[in-house]
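One line per chain: the protein sequences are A and B, in this order.
Counted from 1, the first sequence has number 196 at position 48 by our numbering; the numbering is strictly sequential.
Counted from 1, the second sequence has number 288 at position 307 by our numbering; the numbering is strictly sequential.
What the hints contain is simulated information worked out from the structure, not anything from laboratory work.
Glycine included, every Cβ here is placed at the ideal spot set by N, Cα and C.
Errors might be hidden in some of the hints.
Here are the simulated lysine-lysine pairs, DSS-like style, with alpha carbons at most 30 Å apart [what the hints assert, rightly or not]:
no., chain 1, residue 1, chain 2, residue 2
1, B, K30, A, K236
2, B, K521, B, K775
3, A, K195, B, K30
Footprint (simulated), chain B over chain A, 3 or more residues, beta carbon under 8 Å [claimed, not checked]:
no., segment
4, 276 to 287
5, 315 to 325
6, 378 to 392
Selected chain A positions facing chain B (Cβ under 7 Å, derived; list incomplete) [unchecked claim]:
no., residue
7, A150
8, I152
9, K211
10, M450
11, L458
12, A462
13, Y463
14, L467
15, T483
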Amino acid sequence: MAVIRDVMPVFELYQPASIDDAIKLLDKHGADALVLAGGLDSMDWLKDRLKKPKAVVDLGQIKELKGIKEVNGGIEIGAMTPLTEVVKHPVVREKFSLLMEAAELVASPQIRNQGTLGGNVSQDTRCWYYRGGWTCYRAGGNICYADTPTSVNREHAIFEADRCVAVNPSDTAPALVALDASMVIRGPKGERVIPAEEYWIGPGIDITRMNVLQPNELLTAIRIPSTMAGAQFYFEKVRDRQVWDFPLVNVASAMVVSGDKIDKIRLVVNAVAATPHRLKNVETAIIGKARSEETADMAGKMAVDGAQTLRHNAYKVPLMRNLVKRAIRGGTGQTWTS
Amino acid sequence: MADTKLVGQNYTTPDLVAKVTGKAKYAEDYRIEGMLFAKLLVSPHPHAKVRRLDTSAALAMPGVKAILTADDMPGAAVGATLGEGVQASAQAERGLTNEPLYQGEPILAVAAVDELTAALAIEAIVIEFEALPFVVDPIESLRPGGPNARTQGNVWMRPTAPPAAPGARGPANSAAGASAAAAAQVPAGAPAAAGAAGAGRAAAADAPARPGAGAPGASGAAPAAAAGAAAGAAAGAAPGAAARGRGGRGAAAGAPAPPQIAVWKWTDEDFASAGPNQMPMGKATDEWVFGNIDEGFKKADLVLDETFMTQSTGHQPLETRTAMAYWQNGKLFLHGSTQSTVQTVAAVARWTGLTPDKVVIISEYTGGGFGSKIPGAISMAIPALLSKKANAPVMMRITREDEHFIGRARPGILARVKLGMRKDGRITAIDMYAICDNGPYDAQGDGRSAGTTISLAYQPETMRWRGLTVLTNTPPKTSQRAPGGAQGIGLFEPILSKAAKKLGLDQVAVRRINAPAGHAPFGPALPNGKQAYVTSAFVKEALDKGHELFQWDVKKASYSGKKQGTLARGIGVAVSPYSGGSIGFDGLFIIKPDGRITFQSGIGNHGTHSAFDVHRQAAEMLGVAWEQCDVVFGSTAKNLPWTCISAGSQTAHAMTRAAHAAATDAIKKLQEIAAKAHGGKPEAYKVAGGKVSGPGGSMTLAQAAQKAIEYGGKFDGHELPEDINNFTKTSAKNLVGQGLMGVGKDAYPRDGQSQSFVVGFAEVEVDTETGVVKVIDYTAIADVGTVLNPRGLKGQLFGGSMLGLGHARTQRWAYDQHYGVALARRFYQNKPPTILDAPMSFTGEAVGIPDPETPTGIRGVGEPPVGAAYGAIMNAIADAVGDEIFRKAPVSLDIILAALDNGGQRTHEALTAHV
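Please build the complete structure, drawing on both the sequences and the hints.
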């Protein structure tokens, strides 16, 4: 049978008005359903006819999934809150500006208006073999096309590859891990709350999924505790184009400094592995040290220890090393005045 | 400029409000009762043959009306001119195929009541392929035993040299081509090289063209210019210019032999003799030379030998090549997306097997083409023929995915350049070898025109060019904004900068000492030992102006190669020529009895304003207010004059000349009418301020128009000038008796080929820890003659610079070499630049010196900005972080960072295309 792309297939569209109704629908349709948030990821799959779900469950009508509220000095962000609203929210800007910076660097203004925070953290990988419809491991096959002697894999992983070398492309995910966020997940059996770090899973655990969500589960909210409120933040995203581009590498750090010593730090890099890559060993090594060029250097070097490169992505090693260094040091140093 | 009211002044084009309010109708916006929708079944393989095709289940589906296959398409129009120097062979593209030559090539199309039904029908079609050998990287194809992109072979042979055109002085330099042809193993069964004695195609076709546009083969482009009046006249004449338009008039009698494909391999020794990341140089199919390069290199104080690769880039117009067709009374009406209006008729006629009189093209608005829609697109034939088959209107919307495959691309060029430079910076010798990644279809001239463009930009004392045009199983290539020229400047500029730096010379001074001036020569030596030359060049003036505006000396002292924190700054300059105008077309307008003037415009409306701008030349000469003028455009049913293709930066030059001719005709008629009515000699009357006045009195143009109708004859178009093109005659006859007709052919003399120049100055900041490049400041100075529309000029300079910026920094294709299929099929993957990547400060100015070889002084501007930005930005990056960082484009941040991490020495693969 011949193949055709770029024409959306037929599906049943459901627009439930409550989380419970959405869960019921997902439970009923199981693997035949596709969850639609902002659509920036889902529409691609649909238009390519690579996913032909029987049911599409659009979360756009569920009011309880939208909005940001203050909870115990922290905030809870509904999963369907558009990125633009996250960026604009006064508490996010005041206390958790790391998330503001990350969210503001996602894609383009139009995409941030449409795209949601829950969607941004739950999006699928952008490996162009996988998304081109190649039947790779992640698509249920038995080969990784991105890791052969002729593969073009400039965007791919340098850490934690396990058959699949795809990376997580989210900008907000590392910021949320750095902010010690937790994810609120609802399923037929009720709600569970897990640390953000445990939300994403690598290919070693399940090669076909990027996160822990079961087909009948929804990410309903993201909670950011007060732990890192007002800490010293650093976010940087390196990309080819200054708008509408995924990260080649991004870095997020939240740091508490007393005197000149680093008291507390959470340091996360993304687009280097299938999950946001928290650098716990670096954090441990630099706690208690001065926030200095030397510490930054050491952090950078430690961060890339053990990196394994592919044919076209060796640059990610100095890039990640330097970004981690900058996260500790805080920027580019001197700049031109004109 | 000071005394003009229209030429050189800003204004609002009449199409603008519709564009910004969304009222403008593009091809996709039309709906007709009973209209069907078409979808394409495309090849998943880079090269294969269809072995089994069963469409019965699809045809049995409700709502499915017809299926069009390759068997329904007319055969290739062998010998037809396909555009800027490209000639159709027996292997030419036909729109649909049973032997796909690239992934994404259309095999059949289904027409159904809606797109979803058509898509489901395609999924119900049983199709089986036999996979065939393929190659996406030209170098791999040249290896001993390497795969061939086509069953016939892997390179385009330069056709045997045509004899001289009448009036030309003997045959073109053909030795290299002829000997190369003899050495090639032309497979048995390939069509014989018929017509070797045909007329010099290039001489007739390419004179208005890009330097060396004549593909592998046309040494004739140059002879035409130098061959004196006869050849020159032929070159500029409408048939020649028409032939440049893809489609032209099909296979004219006396056309030269179509090019042929051969099997062409280098030896193991050829490959072994090249150093690491150095381009091997086995035998070439094509070569030209002027002067003695050995002597040239002897005079050099510095000799560099460098390899550089420029990438292939998709054209990616925002409007895809959607088309809608229906038939009425045996005529095809086609709503399409095309750069040209008049020139699209013949192309569509050829693609559909019709005669041009049966084709009506409607295209009021086109969302960009950049060379990929010069006369529309071959895919237009699909809805046209499906509509006939289904007996209903058919709309074929081309999706972005389809567009990435069938939407054309610029050929990448892999080149090795040996450069000889004297201590003072003068270039004594260039020895260049270029491999053009041609894609699977007809021979592109980019490799060759890269060489001639370099020879023009830097005026080397001696030069040899050698080349190969290698077939690959990648999307079809075609001219993209400065075809060959942009790649030539892109690959040469970083090498030139490195040489200047080694000799401790100022980069602007080096370009100045080598700058073309006056009738600057370029390209191969002709049989008389001389080269072709340009109409004029004011590159030194452009360099001086930019030097000052950009504050080159200040920036050099403050920034060049300096670093603050992790941020290194650098500056760069580049010189970029490209074709600037053709000749021989017609102007046509009517002064009506109500005093309004209606200009008939056959120019495509693809975003350049030229469809309107050029008529201001005539309005200026008539001394009328622009508010009195109407422009008729956008449909070939509207009686349009013979018009150039909207490509090759020709229009502003060609069609202001035509407007000048028509206005001159009208002024003469007005004078005669006034003299008839008021007495006295016609030449005693003046046309100005909306009146024709003289010793006997004056009358308004409205009154004169009324008189013209009364007098009849030539005045209202009953009698037409002998020399205008036939196409114009037909149109003019339909407009007879409506008022005073201004009609004329551009028969003005021209000595040399019209070439325009842009000098680019760039300042960049490179973050040495991330490789991120910011373009801080960019200045483009244009030597384009008199400025017709200042706002339009700036738009062209900015847009062309952005394309060059994209080439320098991010834009590319990506192919998996093993599977031969495209990876970067979305904008976010192939990365054309965004508005946030634009220079933080942009200046666009013109030198403003009129071209002395055209009565309006105007040359075109569209193309040369591309190479200027491409070269200048790469040069600035090298100035900031070192000139051993890269030898390929785009210079993406990974290349910069990996090299900086490697002590400033590049690590990228220099020879592999599309990665």
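A quick look at each hint next to the structure:
1. B:K30 with A:K236: Roughly 56 Å between the alpha carbons, so the hint for B:K30 and A:K236 is violated.
2. B:K521 with B:K775: Roughly 21 Å separates the two Cα atoms, so the pair holds.
3. A:K195 with B:K30: Judged against 30 Å, a Cα distance of about 28 Å means the pair holds.
4. 276 to 287: holds (count 3)
5. 315 to 325: violated (count 0)
6. 378 to 392: holds (count 7)
7. A150: 5 Å, holds
8. I152: 4 Å, holds
9. K211: Not OK, violated: A:K211 not within 7 Å of chain B, min 32 Å.
10. M450: 17 Å, violated
11. L458: 12 Å, violated
12. A462: Interface hint status for A:A462: holds (6 Å vs cutoff 7 Å).
13. Y463: A:Y463 check passes; min Cβ-Cβ to chain B is 4 Å, inside 7 Å.
14. L467: Since the shortest Cβ distance to chain B is 6 Å, the answer is holds.
15. T483: With Cβ-Cβ at 6 Å, under 7 Å, it holds.
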